[in-house]
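Keeping the supplied structure of chain A fixed, place chain B upon it in accordance with the hints.
Line by line, the protein sequences are chains A and B. Just so we're aligned, residue 1 is where the first sequence starts under our numbering, counting upward by one. Just so we're aligned, residue 1 is where the second sequence starts under our numbering, counting upward by one.
None of these hints come from the bench; they were simulated from the model. Predicted, not measured: the structure shown is a model, and the values here were computed from it. Some hints here could point you the wrong way.
Stated by the list, open to error - Simulated pairs of lysine-lysine, DSSO-like, Cα-Cα distance not exceeding 30 Å:
1. B:K136 - A:K207
2. B:K178 - B:K127
3. B:K209 - B:K178
4. B:K113 - A:K207
5. B:K70 - A:K207
6. B:K206 - B:K127
7. B:K178 - A:K207
8. B:K206 - B:K131
9. A:K207 - B:K131
10. A:K207 - B:K127
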Amino acid sequence: MQQATTAPGLDRSLAERISHETYYQTVFRRFRRHRPGFISLIFLGLMLLLIAVTPLLSPYGPNQITSAFSAMPSAEHWLGTDQVGRDMLTRLMTGSGISLFVALLATVVSTLLGVLLGLAAGYFGGWIDIIIMRVTDIVMSFPYLLLVLVAAAIFGPGMWNIVLILGFVNWPGMARLVRSNVMSLRGVNYVQGSQVAGMPTIYILFKEILPNTIAPVLIYATSVMAQTMLDEAALSFLGMGVQAPTASLGNLLNVAQSYTILETKPWMWLPPGLMTILLVVAVNFIGDALRDAFDPRNLQ
Amino acid sequence: MAEERKVLLRVENLRKYYPAHSQGLWPVKEFVKAVDDVSFDIYEGETLGLVGESGSGKSTVGRQLVALEKPDGGSILYRGTDLVKMSDRAIREIRREIQMVFQDPNSSLNPRKHIREILAEPMLHHKLVDKAGLDKALQELLDLVSLPRNTLGRYPYEFSGGQRQRLGIAKALSLQPKLLVLDEPVSALDVSIQAQILNLLRDLQKELKLTYLFIAHGLGAVHYISDRIAVMYLGKIMEVATGTELFCEPRHPYTLALKSADPLPDPARRGGLDIVLEGEVPSAVNPPSGCRFHTRCPYAEASCRTDVPPLVAVSNGDIPHLAACPVWQRQREARQ
Chain A
1 MQQATTAPGL DRSLAERISH ETYYQTVFRR FRRHRPGFIS LIFLGLMLLL IAVTPLLSPY
61 GPNQITSAFS AMPSAEHWLG TDQVGRDMLT RLMTGSGISL FVALLATVVS TLLGVLLGLA
121 AGYFGGWIDI IIMRVTDIVM SFPYLLLVLV AAAIFGPGMW NIVLILGFVN WPGMARLVRS
181 NVMSLRGVNY VQGSQVAGMP TIYILFKEIL PNTIAPVLIY ATSVMAQTML DEAALSFLGM
241 GVQAPTASLG NLLNVAQSYT ILETKPWMWL PPGLMTILLV VAVNFIGDAL RDAFDPRNLQ
Chain B
1 MAEERKVLLR VENLRKYYPA HSQGLWPVKE FVKAVDDVSF DIYEGETLGL VGESGSGKST
61 VGRQLVALEK PDGGSILYRG TDLVKMSDRA IREIRREIQM VFQDPNSSLN PRKHIREILA
121 EPMLHHKLVD KAGLDKALQE LLDLVSLPRN TLGRYPYEFS GGQRQRLGIA KALSLQPKLL
181 VLDEPVSALD VSIQAQILNL LRDLQKELKL TYLFIAHGLG AVHYISDRIA VMYLGKIMEV
241 ATGTELFCEP RHPYTLALKS ADPLPDPARR GGLDIVLEGE VPSAVNPPSG CRFHTRCPYA
301 EASCRTDVPP LVAVSNGDIP HLAACPVWQR QREARQ
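Chain A extracted, bound-state conformation (with noise of 0.2 Å):
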């Protein structure tokens, strides 16, 4: 009882990699026999790759303008031109990359201020559980796009301002997803052993309570930056969002306001749509995948 033993036949260094494996190696190994989430962050890693050599190996500059205006795909321009002659297939990687780092920054805001928000209304419980779930339950009693339309036209609309407007909206979900995981990791034993222990507050919550919270924020996670990019498409879409000349997915659709272009110009938003989509789809994918790879009933 007190030996680990091997089982006999076993190969050793097998049995002792398993055995050794850390928490993350085992999601990871898991993670990958989730057939489309993987494909997905594969697809995910080749668009990033892309997104950074395209500056390198395109001709033209994303705000470039050339001779050839509202063009046909060609061997010049693979994805044609745009009304004032702008490449497009530079456009589309380089809004593409916008359009993901806005995403990934806004849900990084909104992660950080709903898991601080969720740890310290969970941990603490009386009146800051109180004030941070009613500030919670305003902010999420607004209708959610006239909020991001509001402030992006009291704060004006522009890349960084969107990165902020969409984080601060984003995080009660986040919030109240900590908040009651953190209740019931605060009676578990190991968390009152710490208390028992007298160790600081803050090691409780950061190295105690956290760790056994990241799974379902990082699921949460990836949900939220799904919903991100559609709404930063649908804020540029309207003009709101990310300003000309800059590229972003949902501003290279704004041309398709105009209806000669939807119908006798398909290359102008055709591209940009379908990459919305798959972009939006494979961070869901991937949540998908570290739903299963995290799900305790698989584990182990």
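Quick look at chain B alone, frame taken from chain A:
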């Protein structure tokens, strides 16, 4: 060891009332009297068993000693200083000397950490070792609880229940405590493992001169490990005596009932007085008046319903035998 007994921890009139809201249109604020006026001493180096049914408040007493619950009244004097009155900051240093071993070993180790982190971090925080001496200290801890030395790099899920409980004990010992509150440390384990853990606890007590408060719901394991035993019922202490006295000469009907409920290897050998209780433990929200046991006590008289019996010495031994049942004492004397 009976010659020179020093009180390590004295509990006086400890109380814990939890608010309970009654159902209905006009909720009445009521209280669950989980611990109601409990007093006892723990002598240095002894094991005090604390026994009671679920809901008797025994775990709440233990949790109050390690400051997981804040008492609503009374005092906890550790080496003469009152822990209840101390500020949270000041209490942290002293708290190190009173550690706890939990009932469920599966949840007492953080599943995301190596054993090394679990054991090392509290020691480093309290500066009990420095980085250089850490490895030696960890090995010593593992040796104490007889776990192999390759344990450190592993995760809690890689261990069996008994091993985890050893780790739970090692974690508590890492802070070099004087007093260990053992909250039903073996009741979640297999019977064969229970004996191992009990023996381990005994050996550790001898080796490290520890004092134990051993909380349990049955008399079996407690009798094996304890020097003295306190019996609780509905938030009150009914009887305190040495293990042998409590078993051979219980002075409270409830103790006798507990003893009768304990299974014997050979039931034919059960002799003497036996009582079997009927009904359920009454609600702690509205505990019975007078003696709390009177609703189920076969010896109850009219006075039991009104008078709260005090916990008084009933024999003049070297170690006092306390019981809270004057009625039974009188009835016994009348019979003899």
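Holds or violated: A:K207 with B:K127, Cα cutoff 30 Å?
18 Å, holds
Holds or violated: B:K206 with B:K127, Cα cutoff 30 Å?
25 Å, holds
Keeping to a limit of 30 Å between CA atoms, is the pair of B:K70 and A:K207 held or broken?
Holds. B:K70 to A:K207 sits at ~25 Å (cutoff 30 Å).
Are the Cα positions of B:K178 and A:K207 separated by 30 Å at most?
27 Å, holds
Measure nothing beyond the straight line between the CA atoms of B:K136 and A:K207; if it is 30 Å or shorter, mark the hint as holding.
24 Å, holds
30 Å limit on alpha-carbon distance, applied to hinted pair B:K178 and B:K127:
Holds. B:K178 to B:K127 sits at ~17 Å (cutoff 30 Å).
Distance restraint between A:K207 and B:K131, which requires alpha-carbon spacing of 30 Å or less:
19 Å, holds
Does A:K207 lie within 30 Å of B:K113 when you go C-alpha to C-alpha?
9 Å, holds
So if I understand the rule, the pair passes when the alpha-carbon distance is 30 Å or less; does B:K209 with B:K178 pass?
8 Å, holds
CA of B:K206 to CA of B:K131, is that 30 Å or under?
29 Å, holds
Hint compliance for this structure: every hint is met.
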